[in-house]
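Colleague: Residue numbers (the working numbering), protein chains in the order written: chain A, 1 to 329; chain B, 1 to 329; chain C, 1 to 329; chain D, 1 to 329; chain E, 1 to 329; chain F, 1 to 329.
I should point out that these hints are in silico values taken from the structure, not numbers from a laboratory.
Glycine is no exception: its CB is placed at the ideal position from the N, C-alpha and C atoms.
Any given hint might turn out to be false.
Simulated coverage check for chain C against chain D, where a stretch passes if three residues somewhere in it have a Cβ under 8 Å from a Cβ of chain D [unchecked claim]:
#1 55 to 65
#2 202 to 211
Computed list of chain C residues with no C-beta within reach of chain A, every gap over 12 Å [stated by the list, open to error]:
#3 20
#4 88
#5 325
Number of protein chains: 6
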Amino acid sequence: MPSEADQERIARYRPLSGMETPRFSGLASFMRLPVMEPREAPGRIDIGLVGIPFDGATTNRPGARLGPRGVREASTGTRARNAATGIAPYDLAACADLGDVPVNPVDVAATARAIEAFYRPLAQAGIVPLSVGGDHFVTYPVLRALGRTRPLGLIHIDAHSDTDDGQYDGTRLTHGTPFRRAIEDGVLDPRRMVQIGLRGSTDSVDELDWALGQGIRIVPMEAVIDRGLPSVLAEARTVVGDGPTYLSFDVDALDPAYAPGTGTPEMGGFTSREALQILRALRGIDLVGADVVEVAPPLDPSGVTALVGATLAFEILCLLAEAVAARRD
Amino acid sequence: MPSEADQERIARYRPLSGMETPRFSGLASFMRLPVMEPREAPGRIDIGLVGIPFDGATTNRPGARLGPRGVREASTGTRARNAATGIAPYDLAACADLGDVPVNPVDVAATARAIEAFYRPLAQAGIVPLSVGGDHFVTYPVLRALGRTRPLGLIHIDAHSDTDDGQYDGTRLTHGTPFRRAIEDGVLDPRRMVQIGLRGSTDSVDELDWALGQGIRIVPMEAVIDRGLPSVLAEARTVVGDGPTYLSFDVDALDPAYAPGTGTPEMGGFTSREALQILRALRGIDLVGADVVEVAPPLDPSGVTALVGATLAFEILCLLAEAVAARRD
Amino acid sequence: MPSEADQERIARYRPLSGMETPRFSGLASFMRLPVMEPREAPGRIDIGLVGIPFDGATTNRPGARLGPRGVREASTGTRARNAATGIAPYDLAACADLGDVPVNPVDVAATARAIEAFYRPLAQAGIVPLSVGGDHFVTYPVLRALGRTRPLGLIHIDAHSDTDDGQYDGTRLTHGTPFRRAIEDGVLDPRRMVQIGLRGSTDSVDELDWALGQGIRIVPMEAVIDRGLPSVLAEARTVVGDGPTYLSFDVDALDPAYAPGTGTPEMGGFTSREALQILRALRGIDLVGADVVEVAPPLDPSGVTALVGATLAFEILCLLAEAVAARRD
Amino acid sequence: MPSEADQERIARYRPLSGMETPRFSGLASFMRLPVMEPREAPGRIDIGLVGIPFDGATTNRPGARLGPRGVREASTGTRARNAATGIAPYDLAACADLGDVPVNPVDVAATARAIEAFYRPLAQAGIVPLSVGGDHFVTYPVLRALGRTRPLGLIHIDAHSDTDDGQYDGTRLTHGTPFRRAIEDGVLDPRRMVQIGLRGSTDSVDELDWALGQGIRIVPMEAVIDRGLPSVLAEARTVVGDGPTYLSFDVDALDPAYAPGTGTPEMGGFTSREALQILRALRGIDLVGADVVEVAPPLDPSGVTALVGATLAFEILCLLAEAVAARRD
Amino acid sequence: MPSEADQERIARYRPLSGMETPRFSGLASFMRLPVMEPREAPGRIDIGLVGIPFDGATTNRPGARLGPRGVREASTGTRARNAATGIAPYDLAACADLGDVPVNPVDVAATARAIEAFYRPLAQAGIVPLSVGGDHFVTYPVLRALGRTRPLGLIHIDAHSDTDDGQYDGTRLTHGTPFRRAIEDGVLDPRRMVQIGLRGSTDSVDELDWALGQGIRIVPMEAVIDRGLPSVLAEARTVVGDGPTYLSFDVDALDPAYAPGTGTPEMGGFTSREALQILRALRGIDLVGADVVEVAPPLDPSGVTALVGATLAFEILCLLAEAVAARRD
Amino acid sequence: MPSEADQERIARYRPLSGMETPRFSGLASFMRLPVMEPREAPGRIDIGLVGIPFDGATTNRPGARLGPRGVREASTGTRARNAATGIAPYDLAACADLGDVPVNPVDVAATARAIEAFYRPLAQAGIVPLSVGGDHFVTYPVLRALGRTRPLGLIHIDAHSDTDDGQYDGTRLTHGTPFRRAIEDGVLDPRRMVQIGLRGSTDSVDELDWALGQGIRIVPMEAVIDRGLPSVLAEARTVVGDGPTYLSFDVDALDPAYAPGTGTPEMGGFTSREALQILRALRGIDLVGADVVEVAPPLDPSGVTALVGATLAFEILCLLAEAVAARRD
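The whole structure should be built from the sequences, with the hints applied where relevant.
Modeller: Next up, the structure:
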């Protein structure tokens with residue numbers, strides 16, 4: 001229960017309601033929330049929604065740079081209260097749209113620096129970031145900012161492990177390598193890391209061997225099907241434990257029927273109900289940040305992928321708001 | 001078993017077969033059935049298929065006014081016999097396409113009157129209507145025509161409750177209010193009404209409280225998943241009982257992967273097999289009318305939503321034909 | 001040449017440059033301009049860009065309610081200086097995005113009132129509005145606000161005359177009637193009104209007779225081809241003269257190849273170069289407001305129509321900025 | 001001027017007006033005209049609109065079998081009077097939609113027989129057919145039916161000559177051969193035949209040599225550009241003279257920007273205004289039939305090609321109605 | 001375990017890796033495998049991937065002629081090792097892309113002969129074909145080539161039985177008849193044939209009666225749901241036994257949500273995970289050939305169907321490689 | 001006239017004809033030409049078609065990395081002889097598809113090196129490259145390879161000047177800077193360089209000033225319209241003179257109606273006929289290489305942009321073949 005002062009503060013940051021103005025009207029901020037300059041955020045808000053419109057580390061089909069814009073638009077359809085869990089995130093935490101990181105679309109390393117520089121003051125101010133990518137590379141600099149003081153645990157929902165060492169004879173910063181880099185940098189604790197939903201074909205077994213050697217818990221899609229999601233999710237909770245944990249959701253974890261608009265789709269993924277089931281099982285984990293990545297609107301003419309991205313973001317926002325409230329108490 | 005006279009009459013109204021002329025040829029009437037003026041229907045047919053090309057009560061993305069045309073086209077792929085249930089609807093009931101209600105696309109109230117005026121003579125003649133919308137508002141005037149002599153029961157498959165009181169400071173006729181209006185008018189019996197598949201986020205809990213206060217049985221998607229569809233469907237039968245019942249199927253009950261072409265899609269809906277399972281469980285209910293609504297073809301470039309709409313309409317036609325036959329006996 | 005104080009004021013309202021942050025990043029305001037509450041606009045800005053996301057008066061295919069959002073996105077590709085004319089609008093006038101009018105998507109009359117109420121204080125404060133629709137009906141209430149003190153002249157670029165008396169047996173407020181209503185209300189001077197680009201088939205000759213009877217100058221597309229655009233545009237200048245004039249550009253004036261995303265496309269329209277030629281010929285007219293209407297993004301999967309809408313809006317903004325500067329001098 | 005009896009007869013066959021019911025409502029017949037069984041047409045109507053949903057002779061991308069359905073839908077946007085020419089076709093001739101030829105999608109020869117059998121009684125009854133394909137092969141059997149008693153002249157607007165002898169080592173019935181076959185059969189007079197708009201690359205010069213050897217007048221696109229359309233169209237009139245003439249319009253004559261939905265698009269074609277200009281220049285020719293072919297809706301997500309097909313069909317209908325009226329006088 | 005010579009030979013035919021050159025680069029051969037002339041294949045390779053770009057036997061919507069091209073492109077995303085089963089097909093068998101059969105798009109019978117002529121030398125050389133259609137008719141001539149010396153068993157995954165006798169009053173070679181023709185020709189053993197996933201509506205019960213009369217085991221979708229896939233797949237293994245068996249996978253077996261790009265979609269089909277589950281259960285069967293058919297890219301703007309087709313082809317390739325290795329041992 | 005030996009050699013490299021196998025069959029090489037390893041090209045061929053699937057220097061919407069694949073597919077529709085000019089390129093020069101440059105999608109500088117390394121041996125062997133991009137940055141390393149021994153002239157058709165110095169505070173290798181870099185490197189002679197078609201809005205006048213200061217001849221679209229294309233093209237010939245000249249065609253030079261599938265479309269561009277007119281006017285120039293860039297297939301659902309790209313490539317191939325033949329004589 002927030003203090004009276006907190007309640008008052010929180011009440012200042014509410015999304016526009018579709019009961020008063022139509023959801024398709026007005027500028028499309030995340031969830032129709034107020035827009036705020038990042039430098040004004042400290043002391044005012046608890047959770048900052050941030051776009052990272054960068055796909056310059058993509059080695060497959062591009063388009064995720066347009067993800068933040070697409071997810072913002074689709075997110076105008078979310079409302080104030082999660083009907084399934086009863087969570088009303090805007091009653092628990094002050095939330096705002098902090099705009100986009102100023103990326104450099106043609107320079108991976110420069111963008112990595114820009115992202116880290118954007119998130120570091122947020123981290124220092126205790127503002128929990130919910131980011132929308134962008135390709136999966138963007139998670140690496142975010143982790144560098146958030147995991148600076150102590151390595152984080154990670155719940156990683158994805159079709160791919162993204163723990164490659166490199167591609168093309170030595171290129172080490174791609175959307176296939178973020179978690180290897182983060183582990184090497186000590187900002188991610190591989191023994192508190194679980195990957196769920198991996199599938200498809202692979203180029204080698206080395207990547208897998210390295211990941212297992214680091215202590216990462218990997219639950220490929222086949223294991224999910226065999227064991228059932230409840231067992232897998234219970235294990236995930238055990239792996240990350242009580243420590244500070246990041247949540248990274250690659251939309252290609254879902255089957256292409258549910259999320260065709262992504263650069264590297266893999267047949268045989270999660271249904272949308274399973275994706276929601278996964279997220280709703282993560283209540284109570286000490287989440288300190290999260291992202292939804294790889295939404296590539298130009299690859300999806302029907303727009304369902306952006307809708308999925310926006311709905312996942314809302315569900316994660318509910319988790320983050322509860323975590324914020326729990327830490328406040 | 002129809003009487004010999006009935007059999008002869010029924011045999012006059014058969015769809016064209018794709019074994020003789022290709023399904024893509026000829027004018028696209030519903031199910032390739034004969035087209036008939038509504039005023040000629042009484043005494044000739046048992047079931048009338050009607051389009052209601054109206055989306056003027058939509059508060060989100062429009063396009064459902066093009067639903068009847070899209071569903072007619074897709075329905076040319078249906079054939080004479082339901083392979084799953086064995087029902088051959090055109091052997092049980094005389095069916096025809098009665099064309100579209102003459103709506104006024106920019107005037108909700110005038111359209112409500114036009115719809116009611118269109119259905120009243122059909123109701124008086126005992127012709128069972130199967131309607132294709134159009135946004136969900138259109139169900140309200142249909143219920144006014146059909147429930148005029150006694151309130152109806154309702155099986156309502158949808159992502160949304162559509163029992164709002166109003167929007168925008170007092171607008172009471174929208175696609176979010178049809179069932180509240182119908183209950184207020186006494187044409188719908190809330191205690192014989194069940195809503196299945198509700199989900200997503202909500203703007204308030206008032207709508208839900210009102211609905212529960214009226215005695216409506218609500219089974220949100222989470223409860224469907226927990227309990228399983230068979231239990232839910234058994235309860236639905238109990239709720240509506242033996243009395244005259246209407247069936248309203250909003251295509252957004254399905255997950256956006258299965259039905260992207262709708263104005264207010266919500267992640268996490270029914271699969272197509274579940275939708276068929278629901279309908280096939282409703283055999284034996286005393287159905288007096290039904291509709292499929294919110295198919296918005298411009299929002300679905302692959303056309304699967306119109307296909308879903310057409311297939312649902314065919315499955316419902318099978319139910320209505322059995323109900324007609326049962327009442328005849 | 002603005003005064004020093006004006007220059008300083010104007011300099012506060014500049015669009016973000018794509019040379020510094022990518023055009024696809026950040027919230028998509030019109031032209032990447034600052035966003036401002038309408039009530040804060042008086043005294044600060046000269047030109048207000050406004051979205052009117054309403055297509056509830058559309059009697060054909062809907063979708064224009066999503067026009068403001070689509071045009072905002074596409075407008076992020078415009079830059080600071082018009083390379084063809086040399087006009088640098090943001091050096092001449094302070095411009096801002098004033099957001100969207102709070103429309104009621106299911107009530108034409110209520111929306112008309114909301115639009116008029118939104119524009120009246122702008123008009124009183126001398127702020128020149130550049131509006132993006134929405135269907136063409138929205139021009140009527142804008143004209144009521146702007147033409148209140150004296151009737152306006154009108155340059156109307158369109159495939160349709162939009163001077164019908166009504167449809168469906170007496171419905172008088174549709175996207176086919178705005179100019180007839182505005183003339184009846186005395187806010188539009190038909191003798192200072194010219195319509196350019198009309199074409200296609202017609203339901204009757206009555207509409208035309210009425211318009212000609214009022215003194216409206218009509219230049220159908222055939223006459224444009226015969227006479228050449230320069231002659232037509234010279235005539236247009238003569239018709240509107242030196243008085244205050246409104247400019248209304250319906251995107252369906254363009255050929256469907258150039259602007260497929262509109263509700264009532266008509267084969268045989270303007271090319272994009274002709275559209276630019278038309279606008280660039282209107283320099284020096286005393287424009288007091290303008291709009292671009294009928295952009296319907298869901299009907300255009302390639303997005304070229306929103307791009308056309310945004311580019312037309314930028315060209316018109318250049319005209320308005322010059323008019324503002326001229327009136328200032 | 002039709003006789004009083006004719007006027008009365010003609011008045012029975014009028015299209016539905018969009019001023020009374022919306023254009024998107026009701027079953028989509030050609031131009032919203034009455035639907036009639038072909039066998040009931042003789043004595044009742046002057047012009048029969050017919051769909052030929054066949055693309056089984058296509059050697060490139062398929063989809064034109066869905067042309068009649070797509071054009072019917074788009075044609076609901078045409079109105080009663082041609083604003084450019086003033087022709088009101090439904091005042092001059094009784095018109096109806098005669099449905100589709102019962103084609104066999106997998107058998108070219110059988111379909112050729114079915115088409116010829118469908119058109120022969122129409123020809124005998126003096127009913128002028130306006131056909132919508134379907135690939136260009138369908139013109140061949142139509143010509144066999146119409147040119148049976150004397151060879152016809154032909155105005156052929158197309159990107160391709162369609163006078164090949166065959167493909168794939170001897171296949172002689174394809175969409176590349178209809179006019180060669182018709183000339184061989186004596187139903188088409190090559191000296192009264194003109195082809196306008198040919199362009200692109202070619203596999204050989206043999207086809208051209210044969211065509212020129214037969215006396216066909218060929219005006220490739222380059223010549224159109226050099227000489228100007230008026231000169232070309234004057235020549236076309238001279239070529240066909242006063243005799244009975246058929247008009248065949250392949251939508252790929254237009255540039256792919258204007259008509260992307262066709263199987264064999266060729267860059268550099270006619271604009272939509274030129275296409276209209278061509279047709280409007282053909283008034284007074286003794287047209288006995290016409291077609292619009294190669295509209296392939298699945299290849300055009302924006303629908304502009306079907307709109308072009310429908311508008312061309314309406315313009316041609318105006319020509320046919322005048323020809324009918326002229327022959328009646 | 002291949003002999004050393006075999007290992008050396010097999011190692012010559014490896015796909016390009018996406019770790020070295022991007023998957024979107026280079027000509028798109030199946031799986032990025034080497035391309036080889038069919039006449040050079042004997043003695044060199046074990047498995048030949050072949051495209052059959054023919055949809056001239058389609059009685060519904062066309063487009064499958066573009067299937068091979070679409071599947072080749074999507075197949076560039078597959079990698080060297082099946083992560084779920086651990087099979088590394090290119091270690092077990094030498095594979096190459098043999099190009100496309102030279103079909104005649106307008107002549108079903110000629111194409112049947114061309115297909116059979118293409119496959120006969122492959123069959124004689126013991127090369128196992130994996131074909132990508134094309135419509136389902138193409139399976140018939142492939143079976144004639146492969147089943148020439150002894151009738152084959154068949155595992156048939158499809159929404160439709162494709163055992164019709166004919167359509168349109170006697171047309172016997174369509175995509176609805178391949179298996180009836182193959183049984184009549186003695187190249188397919190109906191008692192070793194199982195059909196899984198049939199569903200939808202039917203025109204008659206005759207087709208079913210004939211199929212059952214022949215001894216074909218039919219498991220419609222309803223039975224799959226009732227019994228569960230494991231039981232069905234165990235039965236399938238029993239039906240085909242140890243004998244040489246063909247596998248034919250029609251992509252319309254999947255639900256339209258998963259595979260919208262197909263000519264005759266039927267609501268209520270398999271999910272992508274079930275499709276993979278089916279294939280992975282077929283390890284150990286003596287497969288002598290296989291195909292994936294009815295992928296129609298023009299009907300699927302998001303491209304998921306081609307992705308499904310390519311992934312199914314990869315999974316089947318794994319099965320065939322194991323079968324080749326097993327026969328080698 | 002090639003020597004007999006040349007004729008024999010040239011005759012070995014002919015495209016497959018659509019008269020023998022359908023254009024949609026087989027692997028899609030450029031123009032259906034033979035595929036050859038670059039290292040085997042010297043001494044065998046005169047012209048090499050090369051794909052450069054790289055869009056990592058794009059600062060706007062991505063997708064051009066898929067350009068080579070899209071253009072290859074569309075190019076299968078071109079035939080052996082240019083009907084407009086009579087040029088039969090495959091009779092004049094031996095042509096082959098040399099595959100794609102092995103780019104690194106996430107590293108601009110590494111890709112620049114890879115491109116230069118790919119083209120240098122071709123240049124040394126006197127093989128004329130016709131490249132398909134990729135974003136416009138790729139022209140820079142190609143120019144470095146071709147202009148190494150002496151600076152080249154340039155005919156540059158584009159909506160943008162691409163002579164920026166940098167973006168984002170110092171990034172110098174982007175698709176907006178290739179020609180500035182090439183001039184700085186001395187491989188491009190600015191006084192023999194002409195830019196045609198520039199238009200739209202600009203961020204500053206600096207870029208223009210620099211370009212003019214270098215002596216580049218710039219003909220913006222407005223000047224093209226004013227002066228007419230013939231005058232502009234005559235000037236272009238004068239500018240480049242008799243020296244070795246490169247031709248670079250950015251598809252965004254065309255209007256978005258003709259080429260929507262490009263990252264930075266600008267309203268008001270060339271028509272397709274003008275684009276052909278431009279190219280056909282360049283006969284006789286001493287062309288030593290050429291490219292077509294910025295085709296981004298994911299941004300164009302109708303595929304017309306890839307068709308335009310392929311047709312432009314064919315027209316340019318005709319020019320290059322004539323230049324090769326002229327140099328041979």
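Colleague: Please go over all the hints and tell whether each is borne out by the structure.
Modeller: Here is what the structure says about each hint:
1. 55 to 65: holds (count 3)
2. 202 to 211: holds (count 4)
3. 20: violated (8 Å)
4. 88: holds (24 Å)
5. 325: holds (28 Å)
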